[in-house]
Amino acid sequence: MPALAEQLPRLRLVSDSLLELDYQLRPQAKWDNGQPVLAADIVFTLKLLYCPGLPNERARTEMGFIKDCRTDPADPRHLTLICQGQAPEYQWAASDFPVLPESALDSAHTLRAVSLPELRRGAAASPAVAAFVARYRQANVGRYPAHLPGCGPYRLADWQTNRVLRFERKSEWWADKLSAPPFVLQAHPRQLQFLIIPDATAAALALRRHELDVLPQVPAPLFKQLQQSETRQELAFYTTTSYNVVTVGFNTERPTLRDKYTRRALGQLLDPAALAQATQQVPGLRTASILPPTSPYYNDSLPLPAYNPGQAAALLRRAGWQRQADGHWYRAAQPTPLALDLRYRSDDAMLSTVGLQLQQAAAQLGIAVTLWPTEGTLLAQTLQAGNFDAYVKMTKGSPFVLNFSPLLHSQAIGAGNLTRFSNPASDRLLDAIGVEGRPARKRQLLRQFQRLLRDEAPLVPLFMLPNRLVADRRLRHITPSGLKPGYVAAAMTWAANTAAGR
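Residues in the sequence shown are numbered from 1 upward in steps of one, following the UniProt record's numbering.
In short, the hints are calculated from the structure, not lab data. Worth double-checking, as some hints may not be accurate.
What the hints assert, rightly or not - Between beta-carbon pairs, the in silico distance windows are: (1) 346 - 54: 28 to 34 Å; (2) 179 - 34: 20 to 26 Å; (3) 182 - 301: 36 to 42 Å; (4) 491 - 336: 29 to 35 Å; (5) 177 - 134: 21 to 27 Å; (6) 177 - 491: 48 to 54 Å; (7) 349 - 301: 30 to 36 Å.
Stated by the list, open to error - Here are the computed lysine-lysine pairs in the DSSO-like style, where the Cα-Cα straight-line distance is at most 30 Å: (8) 30 - 484; (9) 224 - 170; (10) 30 - 67; (11) 224 - 484; (12) 396 - 260; (13) 396 - 67; (14) 484 - 67.
C-beta: ideal position from N, C-alpha, C; glycine also.
Based on the provided sequences and hints, a complete structural model is requested.
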């Protein structure tokens with residue numbers, strides 16, 4: 001949505017608890033079928049977040065601060081979003097979602113009869129809304145986007161599952177008529193082709209053979225190998241700070257993991273310093289929080305997590321566990337010894353290294369850790385369903401939004417809250433952080449939240465993950481980014497002497 005608006009929204013404070021964001025959509029913005037992009041499309045998209053049976057749980061949590069929306073009868077391109085709270089980052093966060101065309105998906109205007117507040121209160125269960133959801137699912141626009149007109153510069157030309165996504169530049173696109181298009185509305189390549197290559201070494205070989213032009217998120221050892229390779233003069237290397245942190249998360253609904261002392265004990269068996277050095281080949285990426293140490297909201301009073309098996313044993317005893325003659329740990333009402341199943345993506349060597357380190361450290365303390373490397377799609381389903389003890393994964397962050405409710409709020413259990421952590425004090429803090437508009441008070445609340453998170457330990461942050469990017473040296477206007485995918489594809493161009501051949 002940011003590219004569709006003429007500028008960032010105008011802000012207006014309402015009483016002491018609401019914020020209105022006023023948007024004016026660009027008059028040039030059009031869907032592929034020639035119809036204009038209107039405020040009604042924005043309202044329709046927001047209503048989709050509260051329709052049952054659609055994959056909208058995470059987005060609904062992220063956009064939960066938008067309480068209502070108001071269109072302008074005199075101007076169909078004028079829209080006002082009404083937000084709970086007065087957090088300044090709302091001007092970025094409130095528009096961070098893709099917009100869908102109402103005319104193509106709801107030509108009968110079914111959802112117009114139900115307001116956004118009504119949908120939020122449960123009117124989504126009405127027969128009319130249920131019938132709309134059935135039609136939406138039948139269209140299957142996720143798999144057949146040709147059923148859906150877009151308003152961006154590219155169209156999907158080829159989709160081979162787990163192999164390739166190819167996009168072609170539209171010959172006519174509304175933003176081409178702008179006299180001075182902003183950066184977000186620049187689209188230079190005639191074609192964008194994304195190849196799915198799960199094996200990093202194979203991807204690097206494809207880059208060296210010029211079968212790939214850009215390779216993001218390169219593992220540290222492979223990045224170093226490419227810098228020393230025979231083709232290094234043909235490549236350009238970039239490293240940027242990301243906002244993603246490698247974490248170990250615990251299923252707090254498991255009987256053995258419900259108490260914080262057991263979780264904290266297991267966290268003390270992780271060795272973030274050694275893991276950062278082994279997997280990233282740099283020592284300075286450690287963090288005590290899911291926020292990066294460079295953030296002004298980072299709680300620098302917290303000590304960095306560290307490997308301490310002696311402290312782990314003390315915490316286990318505090319949780320009621322006792323080590324028996326067989327070397328394992330037992331406690332009352334739990335006849336089986338303390339053990340852990342650990343899941344992670346099977347194609348990620350970094351996560352495997354974390355798992356092996358925890359397994360070896362835990363074994364020395366008499367705790368069996370079984371490693372379950374799992375294919376990505378199956379892993380996501382398993383974590384979503386809560387069928388695990390613990391996981392290792394990359395937790396994504398953002399420099400624009402300080403909203404951790406999708407990650408740890410009790411209302412996000414079954415969606416983004418994979419640890420299934422539920423704590424009234426934490427929920428209150430997350431709710432307060434989400435609506436607080438005063439930077440000093442927000443900083444205070446975030447420091448409290450980070451302290452609570454450290455004490456409860458539903459997840460353990462290990463280290464921040466840098467983004468390493470390697471590209472063909474002939475490419476111009478590469479803008480490395482800490483946000484996925486790590487670069488801005490549409491902004492890139494080829495040098496003049498290679499443009500004709502690409």
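Going through the hints against the structure:
1. As the Cβ distance of residue 346 to residue 54 is approximately 29 Å, the hint placing it in 28 to 34 Å holds.
2. Remark: the range hint 20 to 26 Å for residue 179 to residue 34 is upheld by a beta-carbon distance near 21 Å.
3. For residue 182 paired with residue 301, a C-beta distance near 40 Å keeps the hint of 36 to 42 Å intact.
4. Hint check: residue 491 to residue 336, Cβ distance near 56 Å, so the stated range 29 to 35 Å is violated.
5. Under the hint 21 to 27 Å, the C-beta atoms of residue 177 and residue 134, about 39 Å apart, miss the expected range.
6. A beta carbon spacing of about 19 Å between residue 177 and residue 491 contradicts the range 48 to 54 Å that was offered as a hint.
7. At about 34 Å, the beta-carbon gap between residue 349 and residue 301 stays in the expected band of 30 to 36 Å.
8. With a C-alpha separation of about 27 Å, the suggested pairing of residue 30 with residue 484 holds against the 30 Å cut-off.
9. For the hint pairing residue 224 with residue 170, the CA-to-CA distance comes to about 38 Å; that exceeds 30 Å, so the pair is violated.
10. This hinted pair checks out: residue 30 and residue 67 have alpha carbons roughly 27 Å apart, not beyond 30 Å.
11. Between residue 224 and residue 484 the alpha-carbon distance is near 21 Å, which keeps this suggested pair within the 30 Å criterion.
12. Distance check on the hinted pair: residue 396 and residue 260 sit about 24 Å apart at the alpha-carbon level, within 30 Å; holds.
13. Only pairs whose Cα atoms come within 30 Å are accepted, and residue 396 paired with residue 67 is accepted, the gap being roughly 25 Å.
14. Restraint check: the Cα-Cα separation between residue 484 and residue 67 comes to about 28 Å, which is no more than 30 Å; the hinted pair holds.
The structure fails to meet hints 4, 5, 6, 9 from the earlier list, while all remaining hints are met.
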